[in-house]
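Undergrad: Listed here are the chains, written in short residue letters.
Protein chains: 2
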Amino acid sequence: MKIGILGTGMVGETIASALLDKNHDVMIGSRTATNEKVAELVKKNSKHASQGTFNDAAAYGDIVFICLNGEHALDVIRSLDEFNTANKIFVDITNPLDFTHGMPPRLINGLSNNNSLGEEIQRLLPNAYVIKALNTVNHKLMVDARQVNNGDHNLFVCGNNADIKNKMMHFFVDNFHWRPERLIDLGGIEMARCTEAYVPFWVAIWQATGSPMFNLKVVQ
Amino acid sequence: MKIGILGTGMVGETIASALLDKNHDVMIGSRTATNEKVAELVKKNSKHASQGTFNDAAAYGDIVFICLNGEHALDVIRSLDEFNTANKIFVDITNPLDFTHGMPPRLINGLSNNNSLGEEIQRLLPNAYVIKALNTVNHKLMVDARQVNNGDHNLFVCGNNADIKNKMMHFFVDNFHWRPERLIDLGGIEMARCTEAYVPFWVAIWQATGSPMFNLKVVQ
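Chains as they are written, first to last, in the working numbering: chain S, 6 to 225; chain H, 6 to 225.
So here's chain S without its partners, still in its complex pose:
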């Protein structure tokens, strides 16, 4: 499958590498089409990897992973040509974190309580299908759920279109080893408020337990 990745940070690199390992064709998009860090990854996977601008990567992918810093995500999404985004699936992994006020981190003004990055991105891409997922775990865990407790823990998924959400849940199971019975469909994209607002709590649990390699298991 053709995958676009927006962002060259740790999350973008991890998602790109994992999907290249699964034989997907991946284009990594950044501000410039000649990002050096990306060039190295592309060199190692010359057959299946390529790089371009954000717009190139959005145009390329059937599925586009948004792996941007929460602070810059909306600016990048605004810069995309509508033609490149219509009818595509965007997996939004961003979090609107603001660490400038100490612990616990806050959410960026205007992106908490009655709003979220997931909703803002869906509003900016009205003809695309935005799925909020993977934003509640460490990047290593995103792409291999087995890294913690044999994969026995939960992934929360939000999005307005049930078929697309279902398709992406299968994608996470097939490519990232999430257990199907551990996926929780929270509802429409407005439920992204819940998972984004959890992330400061996630940081606090990391601080209290000493490692980011953990996740939540809902037990009954």
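Be a bit skeptical, because a hint or two may be false.
[Claimed, not checked] Dumping the calculated DSSO-like pairs for lysine-lysine here, alpha-carbon to alpha-carbon at most 30 Å: (1) 93(H) with 7(H); (2) 222(S) with 7(H); (3) 145(H) with 222(S); (4) 172(H) with 222(H); (5) 145(S) with 222(H); (6) 222(S) with 222(H); (7) 172(S) with 222(H).
[Unchecked claim] Computed beta-carbon distance windows for the label pairs: (8) 190(S) with 41(H): 42 to 48 Å; (9) 157(S) with 88(H): 50 to 56 Å; (10) 86(H) with 211(S): 55 to 61 Å; (11) 186(H) with 22(S): 32 to 38 Å; (12) 213(S) with 88(H): 31 to 37 Å; (13) 15(H) with 217(S): 46 to 52 Å; (14) 76(S) with 41(H): 52 to 58 Å; (15) 149(S) with 37(H): 57 to 63 Å; (16) 28(S) with 184(H): 42 to 48 Å.
[Stated by the list, open to error] Pulled from the structure, derived: some chain S residues nowhere near chain H, Cβ distances all over 10 Å: (17) 41; (18) 49; (19) 74; (20) 83; (21) 84; (22) 167; (23) 174; (24) 185; (25) 192; (26) 213.
Quick caveat, the hints were computed from the structure, so don't treat them as lab data.
All C-beta atoms, glycine included, are put in the ideal place defined by N, C-alpha and C.
Given chain S, work out where chain H should sit, using these hints.
TA: Using the frame of chain S, we list chain H on its own:
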């Protein structure tokens, strides 16, 4: 031990009943000293239960459980005489939920992201020890952790005084069957922002899974 309970809703009643069962002496406080619902509970436990005003209950308890609706909690706390609250332990179980805008619920304006009920209560009671805890689970689970997954799931505790926090963690273990290894000390009272902001997510998981009898287990 002498326990004060502020609030006569489901949470207050459940905490009161559980602590009476453990042979504590409990005074339940409400707006009027003659709440009919409380009178019945007191009648059944005439030796160890009593009722009074909010101020009476705060004066009575060595430990005072705040079991108030998030909307009214601060007004009640403001109405307490400083003399009745100094050097006491207040366990704050409140959540600033606002259900008036549909799903997911929001947090009350001014009590999210950079603030919380836990912090506001500590500010109003500067000479008391406020411990935020139990606010992340259903009331039945608060007083008997074994009701879900044999008690193998997490309770998150915040508060500024380490000794008092430690004392209350023992109290939750001894009286409410929480497993000591499943208690997570998140830090000072400002970390109440994390557990309060999780509660809309908790409501969403309840909605997705069909039952409020669940909790989070942090797995590594």
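Undergrad: Evaluate each hint against the coordinates.
TA: Structure-based check of all given hints:
| no. | hint | verdict |
| --- | --- | --- |
| 1 | 93(H) with 7(H) | 11 Å, holds |
| 2 | 222(S) with 7(H) | 36 Å, violated |
| 3 | 145(H) with 222(S) | 20 Å, holds |
| 4 | 172(H) with 222(H) | 23 Å, holds |
| 5 | 145(S) with 222(H) | 20 Å, holds |
| 6 | 222(S) with 222(H) | 5 Å, holds |
| 7 | 172(S) with 222(H) | 28 Å, holds |
| 8 | 190(S) with 41(H): 42 to 48 Å | 43 Å, holds |
| 9 | 157(S) with 88(H): 50 to 56 Å | 52 Å, holds |
| 10 | 86(H) with 211(S): 55 to 61 Å | 41 Å, violated |
| 11 | 186(H) with 22(S): 32 to 38 Å | 36 Å, holds |
| 12 | 213(S) with 88(H): 31 to 37 Å | 35 Å, holds |
| 13 | 15(H) with 217(S): 46 to 52 Å | 36 Å, violated |
| 14 | 76(S) with 41(H): 52 to 58 Å | 55 Å, holds |
| 15 | 149(S) with 37(H): 57 to 63 Å | 59 Å, holds |
| 16 | 28(S) with 184(H): 42 to 48 Å | 44 Å, holds |
| 17 | 41 | 35 Å, holds |
| 18 | 49 | 31 Å, holds |
| 19 | 74 | 19 Å, holds |
| 20 | 83 | 24 Å, holds |
| 21 | 84 | 27 Å, holds |
| 22 | 167 | 13 Å, holds |
| 23 | 174 | 13 Å, holds |
| 24 | 185 | 15 Å, holds |
| 25 | 192 | 7 Å, violated |
| 26 | 213 | 5 Å, violated |
The structure fails hints 2, 10, 13, 25 and 26 (numbered hints given earlier, in ascending order).
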